[in-house]
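Chemist: Chains W and L, in that order, give the protein sequences. Counting from 598, one number per residue, gives the positions in the first sequence under the numbering used here. Counting from 3, one number per residue, gives the positions in the second sequence under the numbering used here.
Keep in mind that the hints were calculated from the coordinates and are not lab data. Among the hints, a few may not be true.
What the hints assert, rightly or not - Label-pair restraints from in silico Cβ distances:
id, chain 1, residue 1, chain 2, residue 2, range
1, W, G772, L, R23, 47 to 53 Å
2, W, P839, L, R160, 57 to 63 Å
3, L, A146, W, G722, 36 to 42 Å
4, L, A146, W, D785, 36 to 42 Å
5, W, P621, L, R23, 17 to 23 Å
6, L, A146, W, A730, 53 to 59 Å
7, W, T800, L, R22, 48 to 54 Å
8, L, G37, W, D720, 54 to 60 Å
C-beta atoms are modelled at their ideal positions from N, C-alpha and C, and glycine is treated no differently.
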Amino acid sequence: MTTLERTPGTPDLLVEKLALGELPPAAAAAVRARLERAGELHRLEALGTDSPSGSMPAELALRIAQRRAREAARRKVHARSWALLVTAASLAMMALVIASPFGGDTSRMKGGDAALIIYRQTDSGYEVLAEGATLRRGDVLQLGLRAGRARVAAVYSIDGRGLITEHQAPREVPGPAELRLADAYQLDDAPRFERFLLVLGDTLDAQQIRAALASLAAQNPGSDPLDIPGAQVISRLFPKAPP
Amino acid sequence: MPQAAGQVDAGGVDPESLYRRYAPMVLRRCRRMLGDDERARDAMHDVFIQVLSHRERLTEEAPSSLMWRIATHVCLNRLRSIKRRPEAPSDEALLLAVAELPDEAERTGARALLGRLFGGEPTSSRIIAMLHYVDGMTLEETAAEVGLSVSGVRKRLRSLRERLGALLPAGEQA
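Isolated chain L (complex conformation) (with noise of 0.2 Å):
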């Protein structure tokens, strides 16, 4: 059942004030990612069912990280479904590219997949990619924001090169 703003539910999670708190990042987020505003509060709408149907599992104080990840995650699905534009700008394509990158989650299925994206397990290779390569995170704030080391960053940048090649941005640190 729906619940009434300012109720806290047995996973100690005040859905509403969650929403009114994060929603706006994730709205921009997600309208950055995909443009269309439509799309981008869909997507939006997704993450919120993703971390409030889990809500059990949302055991960070201030889970902005936790909500930036699921957003781009999502976005980077949905971007996945979108066929490719050949005037596509140069950024764009990065973007596209990333979102191509095999999930490694998917194999696992989506209990893995939760599991990966609540923390309970690495995050996946194309959340990396986006926060260092698209979000132009350096490699120290990608580290800190995934919970890897730098050089575990690292490594997993330099199996992606491979994979992304000449999309890379001139200059990227991995």
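With the rest of the complex left out, here is chain W (with noise of 0.2 Å):
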């Protein structure tokens, strides 16, 4: 329920300018004593004890390293403008299991034919992602994914830079066919790797999922392994040429 009431006195930005000593030095002065005049001084001395924030949450703080990933290092492409049609073929050399040359990572197919499949633009339509291609600024991809007997679904991905994005937040699939994620990206210039995650389970928690990632970020992002317990994780890791 809504719970606005009209401000009886002194506006409340005014109130809290105040206490923020961000008013003028005229201003300030006159905002207080319009404060004592309607006996509101306790609002101010209210503001000093309500102070709810302590640090930054850590969930905040990600989601605010995923907008910028996505806004200052990414374009985002829809994906219509190279609509992908996907063969049993092409899914079949996606089951490839070939250790990556890049920082000892590897595509790991867990749990049936679960897979994280990558699909880059072409001249003449697009590839599918052999493991340890080399990636390029500028290259588009888009991601699909295999669930395999997992209920529930999400893709992350990481650059060199620690820039983490969620492509797909935690979310049901419909059974084992594969999904395509609905939009395709552009590659910025971020350094040495992009490395891709797909996580499974039955059950996903996005929070713990992202906290796992933040530490992630903040440790060896292309190579630690992302732990989730309880959740299968196929990492898909990829160099990235130098510009």
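Put the two chains together into one complex; each comes in its own frame, and the hints tell you how they fit.
Modeler: So this is what it looks like as structure tokens:
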């Protein structure tokens, strides 16, 4: 229920500004006098005792990082511009498990035929990225996944700057068939690598995943495992060509 | 990547310090407009996401006004998405009516909205209405807050009268 009550005297913003010390001296004196006249100095004092924030929550910091990653580092490209047709043959290719020459990361195929599939736009259409393929700034990628026996899936990426992008929040997936994400992405100039992570489970806790990603980003995002208790993680790491 | 406490990034802003200083004010604003504490906290997060995601544009030394405007905008949008309640008291009805006012920025997209909120363009009439009619700021205070002349604010409010009509409080100053 909204609890709006009209400010009886001095507007809230002026009281807040006075408490923050962000009013010019003359205006501050005027607002203080106004509060005194109205017997409202207690409102100013109350602000000092009402400090509900503390440090910025890790989840909020992560969401800000994600937003910055999306808006400053990636230009969203609508998937419609290069609709992909996925064939059974191309999916079979994705089942290959090949050791990456970059950082020792490996594509892991667990839980039946679960897979994280990455397509790259080419002049003639698209290609399915093989393990160890080198990415470049400007590459346009689209992601697809197969969840195997899992009911819920989420997809993230993390780049060489440690910026995290949430491509798909945890959501139920419609069976074992491939689910192709709606959007495509153009890579920016982040150095060294792009790593894609598919998280699978019967249930997934978005906050838990975000916390684990934040921890990963702060450590070794190109090599450390993403540990989500009770979840299966498929990680695919691609080196990035120097600009 | 989330920033460590006290770290200043290329935008010249320390997100942690900004949050510690302004989160209480923003949360109070959101609580007052939305009522529900959980919704208020969620809205507060949206405010900081908007501000800190574009912190390169944050040039004000004392950004309380900016934070207040963005909080107001976020909450108005959330109120608009909430179905009206027939039992709403008059002040709440006024708030909801302001929330329903068209937002000029929406016609030109999110970038224009950010420019507006960060001071690059005039503040929306919705926020002017909120400051004057709901928050009880005088025309002079409202004008100072949004960077318009008093006559400019009066002109904006005049055009809103027809929309808000009977909901306007007695003795309003426009």
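Chemist: Each hint: holds or not?
Modeler: Okay, the hints, checked on the actual structure:
{"no.": "1", "hint": "W:G772 - L:R23: 47 to 53 Å", "verdict": "50 Å, holds"}
{"no.": "2", "hint": "W:P839 - L:R160: 57 to 63 Å", "verdict": "60 Å, holds"}
{"no.": "3", "hint": "L:A146 - W:G722: 36 to 42 Å", "verdict": "59 Å, violated"}
{"no.": "4", "hint": "L:A146 - W:D785: 36 to 42 Å", "verdict": "41 Å, holds"}
{"no.": "5", "hint": "W:P621 - L:R23: 17 to 23 Å", "verdict": "19 Å, holds"}
{"no.": "6", "hint": "L:A146 - W:A730: 53 to 59 Å", "verdict": "58 Å, holds"}
{"no.": "7", "hint": "W:T800 - L:R22: 48 to 54 Å", "verdict": "34 Å, violated"}
{"no.": "8", "hint": "L:G37 - W:D720: 54 to 60 Å", "verdict": "56 Å, holds"}
The structure fails to meet hints 3, 7 from the earlier list, while all remaining hints are met.
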